[in-house]
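**Q** Take a look at the letters that make up each chain.
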Amino acid sequence: MSDSATVSVDDVRRVAELANLELTAEEETRMLRDLNAILGHVSQLNELDTSAVAPMAQVSEVIGDGPQSVLRPDQTRLSLDRSRVMSCAPETDGTFFKVPKVIER
Amino acid sequence: MTVETTETKPLSIGDIRTSIESRTRNATAIAKDCFHQIEARDAQIHAYLSTNRERALNQAARIDDLAAKGEALPILAGVPVGIKDVLTIEGLPATAGSKILQGYCAPYTGTAVKKLEEAGAIVLGKLNCDEFAMGSSNENSAYGPVHNPHALDRVPGGSSGGSAAAVAAGMAVATLGTDTGGSIRQPASFCGVVGILPTYGRVSRYGLIAFASSLDRIGPFTANVRDAATVLGVIAGHDPMDATSSPLPVPDYTADLDKGVAGLKLGVPSEYFAEGLDPEVRAAIGNSIEKLRAAGATIKPISLPHTRYAIPTYYIIATAEASANLARFDGVRYGYRAKDSDTLSAMYRRSRDGGFGAEVKRRIMLGTYALSAGYYDAYYKKAQQVRRLLTEDFLKAFTEVDAILTPTAPTAAFKLGEKVDDPVSMYLADIYTVTASLAGICGLSVPSGKSQEGLPIGLQILGKHFDEAMILRVAQTVEALQS
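Heads up: the sequence lines are chains A and B, in that order. For the first sequence, this note's numbering begins at 168 and goes up steadily by one. For the second sequence, this note's numbering begins at 7 and goes up steadily by one.
This is chain A alone, in the form it adopts within the complex:
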């Protein structure tokens, strides 16, 4: 970010691949423009020296009298009924989800 990173078309393609998105040429152009605009705005964060600041991942870290431990006993419990879950899926054999061929050659 310190080099006020500009995103290139190659970056857009690489990130789309990581995100499992297939963008059209038109979408790539828009994404390039929008990501650069947003990251330009984000670069303001560089004004702050945060070298001595610990990252905050969760709100519970800063609540003094908040929940201290969320551990529970590791016990088996009933889960949702299989047929109800399978009925939401695009393609199943009733027991497993069916997908196109996994190994490409």
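Hints listed in this document are in silico derivations from the structure and should not be mistaken for laboratory results. Careful, some of the hints might be misleading.
[As the list claims (entries may be wrong)] Below 30 Å or equal to it, Euclidean Cα-Cα: the simulated DSS-like pairs (lysine-lysine) are:
1. B/Lys15 to B/Lys297
2. B/Lys421 to B/Lys105
3. B/Lys105 to B/Lys345
4. B/Lys75 to B/Lys38
5. A/Lys268 to B/Lys105
6. B/Lys345 to A/Lys265
7. B/Lys456 to B/Lys297
8. B/Lys105 to B/Lys425
9. A/Lys265 to B/Lys15
10. A/Lys268 to B/Lys38
11. B/Lys15 to B/Lys38
12. B/Lys120 to B/Lys15
Since the structure of chain A is already known, use the hints to place chain B on it.
**A** Below, chain B without anything else, positioned relative to chain A:
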């Protein structure tokens, strides 16, 4: 502005209880009235994505049976409610405003909705919203935008636009929405209703289709403060199905409502009244602040110095978490699958590309970029560090004041189409709301006057973690002083 129908005073939860108990009007008739109102107005407003009349009338009949037998009625008996379409109800659609979940029916009911139904509420249907709750205007819904009931050419706010509009138009007495960066408070402000962002952990998220898990919260919309306090009391509390829900006891949020503000210290942060604030909003908020001072509160100028960094911090953290949460939509277990893909990876890509809308893709891309090798420290870690600074601003302020007063949004409702092509300008609509989201504190928006055009303006009241009773008490005073 144009008010589309004659305004009648909306039914309150108390009115409904009185009419059912006194047998002047039963739950079935009240539910049918709401469906009439939906038929009359929703073709123009488009707040509902689906309704479930038969199921609702069965629920109402059960309440009427209880009343006929003279049995004790649960706290929300016969109260017609609508639910944002990111929350699941067994057997009903849950689209999250996205094409990728078109036709999906949920296999279980989320905790907040379950608690409403156990308390006797009647679920009328599922409410329109920005796709996966990503947006500030409801224009990102794959099923078309919601129109503001106060002026149909204006947005209702977002992402819970349908939830706010339904209450504003009398198409529900209470609704549930969700707020990740302002998605309850900003539409409440635009539609002239009350909307609460409860403290992070106060309400279980089990059954919420996740957007950004360290930020997402569920909260109520109602026409008045007392009803909001009542609904919050029903949905709050610990849930074994959500490990982030807090075990702290749930107080009676209506108990202190009428205590007034005499002796309270209310902070007004200068950063929320800087450049970019519409003059009419500034005047309306200033007016409410003066009324609170006259009612005995001490108004104290404060500073929240990192405020200007909140939007960039929010958009990195929220999109990073969204890119992970939305990985589950891949055409395998639920929702849309692109046809005729030869391989699994092609099926993933084509299903996601066909199923997600432009803003969702933009956020997945931004979040994936921010988390990718070489950029993680510069973006995600940096944003988490600034998140701590923003939170410490609030913790410090709350050692000096009981609650904080700000505008909910920099403007009243803007026009449909006005900001759709400029993501940064759209993101700035959340400038006063994202801070509380990042800090995990509670907040609400309460109506605070109208613009010259008759558009509602909202006052945002922010409180300490788990101090909802305090902000509700201040809001009740604001509401009483408005009339």
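**Q** Compare the distance between the alpha carbons of B/Lys105 and B/Lys345 with 30 Å, and conclude whether the hinted pair is satisfied.
**A** holds, 15 Å
**Q** Is the straight-line distance between the alpha-carbon of B/Lys105 and that of B/Lys425 30 Å or less?
**A** holds, 22 Å
**Q** Does the structure keep B/Lys456 and B/Lys297 at a Cα separation of 30 Å or less?
**A** holds, 16 Å
**Q** So if I understand the rule, the pair passes when the alpha-carbon distance is 30 Å or less; does B/Lys421 with B/Lys105 pass?
**A** holds, 25 Å
**Q** Are the Cα positions of B/Lys15 and B/Lys297 separated by 30 Å at most?
**A** holds, 24 Å
**Q** Is the hinted pair B/Lys75 and B/Lys38 satisfied, with a Cα-Cα distance of at most 30 Å?
**A** holds, 22 Å
**Q** Is B/Lys120 within 30 Å of B/Lys15, Cα to Cα?
**A** Given pair B/Lys120, B/Lys15 holds - Cα atoms ~29 Å apart, limit 30 Å.
**Q** Does B/Lys38 lie within 30 Å of B/Lys15 when you go C-alpha to C-alpha?
**A** holds, 18 Å
**Q** Holds or violated: A/Lys265 with B/Lys15, Cα cutoff 30 Å?
**A** violated, 54 Å
**Q** Hey, A/Lys268 versus B/Lys105, does the alpha-carbon distance stay inside 30 Å?
**A** holds, 25 Å
**Q** Next pair to validate is B/Lys345 with A/Lys265; report whether the Cα-Cα distance is within 30 Å.
**A** Roughly 13 Å between the alpha carbons, so the hint for B/Lys345 and A/Lys265 holds.
**Q** Between A/Lys268 and B/Lys38, does the CA-CA distance stay at or below 30 Å?
**A** Given pair A/Lys268, B/Lys38 is violated - Cα atoms ~51 Å apart, limit 30 Å.
The structure does not agree with the numbered hints 9, 10 stated previously, though it agrees with the rest.
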